[in-house]
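For the protein sequence lines, the chains are L, C and F, in the order given.
In terms of the working numbering, the first sequence opens at residue 1 and continues consecutively.
In terms of the working numbering, the second sequence opens at residue 1001 and continues consecutively.
In terms of the working numbering, the third sequence opens at residue 2001 and continues consecutively.
Treat the hints with caution; some may be incorrect.
[Claimed, not checked] Simulated crosslink set (DSS-like; lysine-lysine; CA at most 27 Å straight-line): (1) 43(L) - 2309(F); (2) 2286(F) - 2524(F); (3) 2152(F) - 1058(C); (4) 2317(F) - 2342(F); (5) 2246(F) - 2217(F); (6) 2217(F) - 2248(F); (7) 43(L) - 2431(F); (8) 2119(F) - 2160(F); (9) 1058(C) - 2246(F); (10) 2181(F) - 2317(F); (11) 2524(F) - 2248(F); (12) 124(L) - 256(L); (13) 2317(F) - 2286(F); (14) 2225(F) - 43(L); (15) 2342(F) - 43(L); (16) 2152(F) - 2119(F); (17) 1195(C) - 1181(C); (18) 43(L) - 2160(F); (19) 2181(F) - 2152(F); (20) 2526(F) - 2246(F); (21) 2431(F) - 61(L); (22) 2246(F) - 2286(F); (23) 2246(F) - 2342(F); (24) 2286(F) - 2526(F).
[Said to hold, decoys possible] Far from chain F by the CB rule (all over 12 Å, computed), these chain L residues: (25) 7; (26) 16; (27) 18; (28) 33; (29) 38; (30) 66; (31) 127; (32) 129; (33) 131; (34) 136; (35) 176; (36) 290.
Calculated from the structure, these hints are not laboratory results.
Glycine included, each C-beta is placed from N, C-alpha and C at the ideal position.
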Amino acid sequence: MTLRSYVISRILLTIPMILILLTMVFLVIRVLPGDPVLLHFEKNVDPDVIQAMRVRLGLDKPLWIQYFDYLFGLFRGDMGESMQDYSSIGQQIFSAFPATLELAIFSMIIATALGVVLGVQASKAYNRPQDHVIRIFGIVTYALPVFFLGMILQMSLGLGLHLLPVGQRFNPAMQTPVGLSIGSLHFSSGLYTIDSVLEGNMYKLVESLRYLCLPSLTLGLVLSGVFIRLTRSNMFETLRLDFVTAARARGLKENKVTYSYALRNAFLPVLTMMGLQFAALLGGAILTETTFSWPGLGRYIVDRINFRDYTAIQGAIIVFGIFVSVVSLVVDLLYAYLDPRIRL
Amino acid sequence: MGKADTKKSMLSAILPGLGSLAKRGLAGWLIIVGLIFVTAIIMITVISPWIRPYDPIKINVGPPLIGPSAQHPFGTNDLGQDIFSRVLSGGGIMLQVSLLSVIVCLAVGVPLGLFASYAGGVVDRLVGLVMDSIYAFPGLVLAIAIAAMLGRGVVNMALSIAVVYIPSYFRVIRSQVLSIKEMSYIEAANAVGAKNRTILTRYILPNIMPSIVVVATVNFADAILTAAGLTFIGLGVSVSVPDWGWDLTNGRALLASGTWWVITFPGIMIILLALGFTLIGEGLSELFNPRLEQ
Amino acid sequence: MVLIGIIIVILVMAGVVGYYLTMPTGPAVKDTLVMGTTDSVESCLDPARAYDYFGFEITQSLGSALVDYRPGATGSIDDIVPALATNWTVSSDGLVWTFSLRHGVMYDDGTEFNATHVKYTFDRGIGIEDPDGAFVGVGYGDIIQSVTVVDKYTVRFNLKIPFAAFLSLMAFQASFIVDPKYAPMHGTSWNISDVVVYTEGNARASNPMGLGPYTLKNWTRTAGKDYQMRLEANPNYWNASAGLPKTKNLIIKFYADSTVLALAIQAQEIDVAFRQLGPTDINNMKTNANLHVWEGTGAFIQYLCLQEKYAPFNETKIRQAIGAAINRSTLVNTVFLGQAQKLYSMIPIGMGGHTDAFLNLGDPNYTRTTELLAEFGYNTTNKLTFTLWYETSGHYPQSAQQAQVLKSSLEASGVITVDLQGADWPAYRGKRQNEEMPAYILGWYPDYIDPDDYIYPFVHSSGGSWIHHNYDNPQMDQLIEWARGNTSATARNSLYSQIQNLMVTDAPIIPLYQGAAYAVTKLKVKGVYLDITQVWRHWLVYVEQ
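With the sequences and hints as input, model every part of the structure.
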């Protein structure tokens, strides 16, 4: 199969997948016990008022009409209104998503960096004590409940040593990073680190990094285990391949051999894993976001479930799903491009 | 090869005796340690009604929020419940939930994976699509939704975790089946006229068993952590059953005031249990993939 | 290689620490108070729709009403003080209230506040008729017939029924006066779309208030929850001459839960922590030499509802038996560490008309319980068994713990077995609607500060229908209606005494406890008043220099 037809078929497959996801979400949350209409009233109001609210929330129409209304709305780019405070879902998600994205990126950086470095060390010290210690480290961090680890870090580094903030995303005494403004043109990525750089404000950059520290450290640690294992096994194989032995025979320094030659080849699976883990990260961010009061999409979903805010939950999960599909699509395409055997 | 042979080959791979396991290097040790953790916890939970000093759900058996002491080795929580008794008895929910979810996954995921990937074509594509969609659904969110939908209880929690995990089984099985399918002895079996069902059970299943076992152990570990996560979100079982997940959640609110023991001991137990399964899985996957051993 | 990595990490950390140490500490605004809370505005800051605690808290800092409660109020009519109205009279039949308004109060655009604005506010609130809001929830439309402008500084309310609590209603946050410029009518008549909602990036357009001690400078919400709020002193505030607000700038930081909030105040990242801190945290902070714990009367109550539609609680005596088996001491001391009060009436302690009526049932009196249940054949070998439900979303404080304590207290009678079942708030709410729960715990924050607001919504057959416990006693209804309409304090007190006794006899609801209000601040913070009005007076709080 040529690269082009593979790309096309992969992209085409993504669409029905998203559709199925959407349908699943739509149905699953409507089966949840508890009526979003009732949640607007504590004390009974007369049935007319309740019916009026039902109409207002669009819940009086038959299910399949609601479904298609929602579908066509999505095509137009309209994710609807929150069933709780009637504000635009698109806007709410737009403000929550970058927070999760930023957390995911930094957690991934920590996980990969830690994983690769330790994995390389482990592969070189194969079956010796250093290897065992590193492997056990990877396994133990994976078995830690994310919120447990988060709390420990909060208590030790946050409250105990007073080094890092224990919650929130940014210092409230300062204006949040606003990004780049040229005249009337305004660009902001929503990622505070990038926006600080765009703004040229180093203090904001440091602040956003400070707040990112604990949450991304928590997630990063828990995820590093996977990368440790992967890097370790791949590096071990690669280091025994012919071209590496040849490089050594030519007298290249060990470090150069390890990092310039071997790692570059062993890295491809790591890249793939990064893509896959990204999806896991987005989902797993929920617990971290709750622990650290991180205003991301994960926390948003949990809050909205409490309100049975159908449109909000649908919208958030669709965004998650689309992002995950895009990331895995990119990873698959990258892999296919780099390794022609995989295109089957 | 038949059912008995399948079992035998499994057993002979997993259980030649702890002695020979230890000879297998780190992988063997991982499995041994993991098994020790898991069996110890299971045993403790089972005999807990006889060995625990207090009724774990009885309130005010001691002054509230006292730290580890002679009367209460693990301290008491805000309701004056003895944490040591709760730790002894609290594993039940997690063990039940994870066991049940693994059983459901095996019962549903394995046949599904086998038939869909063996059949190939449209069926494979379709089922794969649904599996991918579930996979793309943030796992915890789906579990939350299903748990909220079905209500509380061990069974419902297990079901929600199972639904989230089935796609993982599917993927692993599918990749294995696809490679085995092309092998010559399958072609031979086909040529001889063996029924599809026979091929699946006698040839393919035994060969993918090792991978399934590994995924199952990871499933166990993940189920425990997800159960803890669901409880954290507020979807745990009724509070009249002692549960580590609940203690973890409850203890969190107390942590800010320096009450570290409510969250620490149940937390350690959860970690040990999840760790146990993970170690077994790690060890097994090393054993079954001996490429690194030379 | 690893060595290089370590060196890089050390350099980066050094750089970060260096920047951090040399960084200017935020905008150099002196007169600023930072408050942390776990609340969030639920819908908006428009009194026509806002019906949540925090929405009210901000509304009353941004606006003013005809009357107000003086700080330290105990809920009696004497605690009502003039605000935008300086004087008022009520007709002898209780149907006409006339208010004389303060002169010289200015909106921010230079318009002078007058009677037309009052009429505008109430016509709007009643006209919009937002089912989400207090106008519908409390039933303003059932109380107020019309509002008329007598002259520039005199406004008149014509009521449909004599309503003794009318002044309390006028002090209630939904009655705050709006600024028509920011609360316009878009069509030809009032419509729900006229409600002023959150507008991203435009704090002024996000609220229709205008006469309060503060103006809303900045309001960011991310994903449906508040992130940050900044309030600045209103130069046109009618009471600015009294030096109010005491703190010119207010920053409100929002936290996801009590743990993070507790950590933040302990780390001194904020000046004030208010709502919600757990009892253990509060106890802990009482011993913290760097923090001050403020304690005050709460108006929040929780109570046990018993479903009368089916067995076992369709029998009055069985309900009484339950009431006699509640050990409030354990509840208050174990769950709330003494930070609450045992409550023996639906009317809170400290409010006029309160009597410890339920003490008659016992606290606890297990002999009484055993006797009452014996009539139905329940004893130690044949126990009364039922399911007690609790909510798990944190909608009420420590619901799971309360349930466990109640279970223990009821089972201590020896003749009762309680199963506990939890549900998250929407499911719990749904089950209440469907009358599926035999016993369930609910809570109540007052709307207007009057015993009527603690009685009518509970034991009046139509007022209490939202509880879905199917209690209906025409005699009770009559007593309640008399008490609502009668403006004489003596008459009302006597009526409420009868009402409370009747409640004990019928035992439809068992009051459990009344929570105290707590705030934790840095030592230099002063001016905190925690009284029964539950109003957090931002404008009185300041940091001592």
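Fill in: Hinted pair residue 2181(F) and residue 2317(F), Cα distance within 27 Å
58 Å, violated
Worksheet item: Given the hinted pair residue 2317(F) and residue 2286(F), is their alpha-carbon gap at most 27 Å?
Response: Cα-Cα ~43 Å, so violated.
Fill in: Straight-line alpha-carbon gap residue 2246(F) to residue 2342(F), limit 27 Å
36 Å, violated
Worksheet item: Under the criterion that the straight-line Cα-Cα distance not exceed 27 Å, is the pair residue 2342(F), residue 43(L) satisfied?
Response: OK: residue 2342(F) and residue 43(L) at ~25 Å, within 27 Å.
Fill in: Given as non-interface: residue 290(L), partner chain F, CB spacing beyond 12 Å
6 Å, violated
Fill in: Agreement of residue 43(L) and residue 2431(F) with the hint, judged by alpha carbon distance not exceeding 27 Å
Holds. Residue 43(L) to residue 2431(F) sits at ~14 Å (cutoff 27 Å).
Discussion item. Between the alpha carbons of residue 2181(F) and residue 2152(F), is the straight-line distance 27 Å or under?
Written reply: 18 Å, holds
Item to complete: Over 12 Å to the closest beta carbon of chain F is the bar; see if residue 18(L) clears it.
Response: 22 Å, holds
Worksheet entry | Agreement of residue 2152(F) and residue 1058(C) with the hint, judged by alpha carbon distance not exceeding 27 Å | Violated, at about 67 Å.
Worksheet item: CA of residue 1058(C) to CA of residue 2246(F), is that 27 Å or under?
Response: It is violated: about 50 Å lies between the C-alpha atoms, which goes past 27 Å.
Discussion item. Just to be careful, I want the Cα atoms of residue 2286(F) and residue 2526(F) compared with a cutoff of 27 Å; is the pair within it?
Written reply: Within the cut-off at roughly 16 Å; holds.
Worksheet item: Given the proposed pairing of residue 2286(F) with residue 2524(F), does the C-alpha separation stay at or below 27 Å?
Response: Cα-Cα ~15 Å, so holds.
Hint violations for this structure: numbers 3, 9, 10, 13, 23, 28, 29, 35, 36, all remaining hints satisfied.
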